[in-house]
Each structure stands twice: as C-alpha cells, then as structure tokens.
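Full structure from sequences and hints, please.
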Amino acid sequence: MKNEKVILIGAGLCGLYTAFLLQKKGIEVLLLEANTRIGGRIKTITGTTGVTMEMGATWFGNQHSHILEVLRALEIPYFKQHTQGISLFETMSFVPPQKFEISDSEEPSFRIVGGTATLIKKLISEIGIKNIKTNTKITLIKEENHHLIVTDSVGNSYSADKVISTIPPNLLVNSVIFEPNLPENFTQLAKKTHTWMGESIKFAVEYKTPFWKEKKYSGTLFSQASIIQEMYDHSTADNFGFALKGFLNGGTSVLSLEQRKEKVIAQLTALFGLEAKDYIAYVENVWREEPLTFQPYEQLVLAHQNNGHSLYKRPFQNGKLYISGAETATQNPGYMDGAIAAAKTIALEF
1 MKNEKVILIG AGLCGLYTAF LLQKKGIEVL LLEANTRIGG RIKTITGTTG
51 VTMEMGATWF GNQHSHILEV LRALEIPYFK QHTQGISLFE TMSFVPPQKF
101 EISDSEEPSF RIVGGTATLI KKLISEIGIK NIKTNTKITL IKEENHHLIV
151 TDSVGNSYSA DKVISTIPPN LLVNSVIFEP NLPENFTQLA KKTHTWMGES
201 IKFAVEYKTP FWKEKKYSGT LFSQASIIQE MYDHSTADNF GFALKGFLNG
251 GTSVLSLEQR KEKVIAQLTA LFGLEAKDYI AYVENVWREE PLTFQPYEQL
301 VLAHQNNGHS LYKRPFQNGK LYISGAETAT QNPGYMDGAI AAAKTIALEF
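The sequence shown begins at 1 in the UniProt record's numbering and counts up by one.
It is worth saying that the hints were derived from the structure and are not from the lab. There are no misleading hints in this set.
Calculated pairs, DSSO-like style, for lysine-lysine (alpha carbon to alpha carbon, straight line, at most 30 Å):
1. K122 - K24
2. K192 - K344
3. K344 - K130
4. K24 - K344
5. K122 - K80
6. K215 - K99
7. K320 - K192
8. K80 - K344
9. K208 - K263
10. K80 - K99
11. K122 - K133
12. K263 - K213
13. K5 - K122
14. K277 - K263
15. K122 - K344
16. K320 - K137
17. K5 - K121
18. K133 - K121
19. K99 - K261
20. K277 - K80
21. K263 - K216
See the structure below:
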C-alpha cells in the first residue's frame, strides 16, 4: 500500500485534505483540478480594504468537530460571527421589517481569520503545489491491467494504482466516461444526488465603515420579501475591513449582475439608510453558472437528497476507484465538516 500512487480528482477541501492524509501514510498523490483555481466551493475574494468576502463555504459551529479538529491541528485561528445588535426579519415588502436581537445563549457560528481560503492555502503548502495540477478536466477513467488510466480533455493521460473522485457525484457521472461503465444503479443515484451550494447566489458589499453597527444593527437579515434572503455582518476579525454578505433569492439568476446589484443596494438603502449607497465594491457568485462545480439535474432533486448514501462507500473498477467528496459524508454532508469527514473516511481505506 505504501508505494501506491493515488490520483485525486478535484482540489476542493475534501480532495486537499484527503491528499494531506494519504501523504502522511507515505502514499504518492497527484490532484487533478479542472478549474484554474484551487479550493472548489471555497472561494474567498479580498477587497481593496483587505476585507475577505466569502463566495462559498463560510461558517461552522461547535457541532462541526471534524473541521474544528483540523483548524486546531493546523493552528489556523477562527472567530465568532458578529450578531450583536438589532437583527431584521422581513415578511412582506410593504410591511416594515420586524426587529429582534439574537440571544447570547444561541449556538455561535465561526469564521476563519483571514478568510476560508486560509485553510486552502495551508493545505496547499503542506501537500506541495507540485502535486496539484489545475486546468485539467478529466473526461475518461479507464481500467487497464492493474492500473487506472485517467485522461483529460486535451488528451493527456495519467496512470495510478487508485483514483479517488472528490467532485460532486452528479457532476462526475455527467462529465466523465468510465471504461468499463459504472453500475447503472450508481449512475442513477449520482444523478439524483444534491450538489450542495449549487442553487446558491452569494453576494457581498464592501464598505469603508460599518455604518450598520454604528446604527446599532447587527447586519443580520432574514427576508421572505426581497432579493436578499439572508445576510450577515462580514467584517474582518480585527475590524479593519467591513462588508455585508449573504444569499440572494435563487430565482434572480435570470437577472444580470447589474440588475441584481441595483436591487441589493436598494434593499440595503431601505433598511439602513443612504450610507448603503456609498459602497466600495459589490461581488457575487452564481454557483449554478459554474459548470466545473454544478451540473443541472435531470429531474427535481431536493436539498441533501441522497447525500451520504451507503452506495458511496463501495469502490468500483475492481477496487481501484473510490467515490468521495462532501456529498458522500454521513455527517454534515455538503458542509466543510462533511468534506473533512469524507476525507477521513476514504483515507482509512489505504
């Protein structure tokens, strides 16, 4: 086992942490990532003021023991999400939002100091950038003698003793050809497995000052009436960079970026006053428009549908192909904690 070479498909959190664990066992690894960037659904944008704005995975809590263990082991600091002050709840557009305060007894959420990408950068440094190849979209996995041959979209081939896929199952079976074919029951399961964050539109607005805090607002909003459905203060841990960040109504994916931005700023202005118009930058990420992450479903798939299914524990291609990734985790599937849990589970097979 120790002399094996393992190829991992996908350099998101699960792929990176799996590679990290396998290297600790003395196993040679190569990560192949279709995107030009590393991190998968962890995507941190740094504003001109230094504020880090998360377009992907952001929060975790005390119940997420796997991610907490990793952060502590890698000595990556994290901090409590700001919730102090007046929070808002909108039920209808023509009714003033209800005001409430989040109790200190509520279970806290945490964010990583310097942005979630801090974890990705640390794992890259541990694994070694030479063991990660980006802009490499896999199109074929073929069993050949005692090895698997992995071929990318431009015809380059890579040989490995074992292959681990960490990309969303629906994306995997819709973008990769297998020789021999994977069992039909697995293919159908994968097509009906929910891709976490696939329907999300995340946004952030960068500001010079936290004017909402100065007005005694927490920055937290829940809305059933406007384009912003959920929002939180997204200032840095040291309070030197300021932003509001959240989720937009998924139905607004049909609008242009400019149209969404206009509606967001209008909603923030109505909630917090004219200061909301004096923003530095507006950024967003429409995850359904990321073809290297999200593949449209053939039929209706519900949130978390088939995540953690027992069939994902089974290897294929005569025990040489493993299916992993955040969606396959039996604990907190789809979340960062699930990605780490899935990595730990698959690493035990080696």
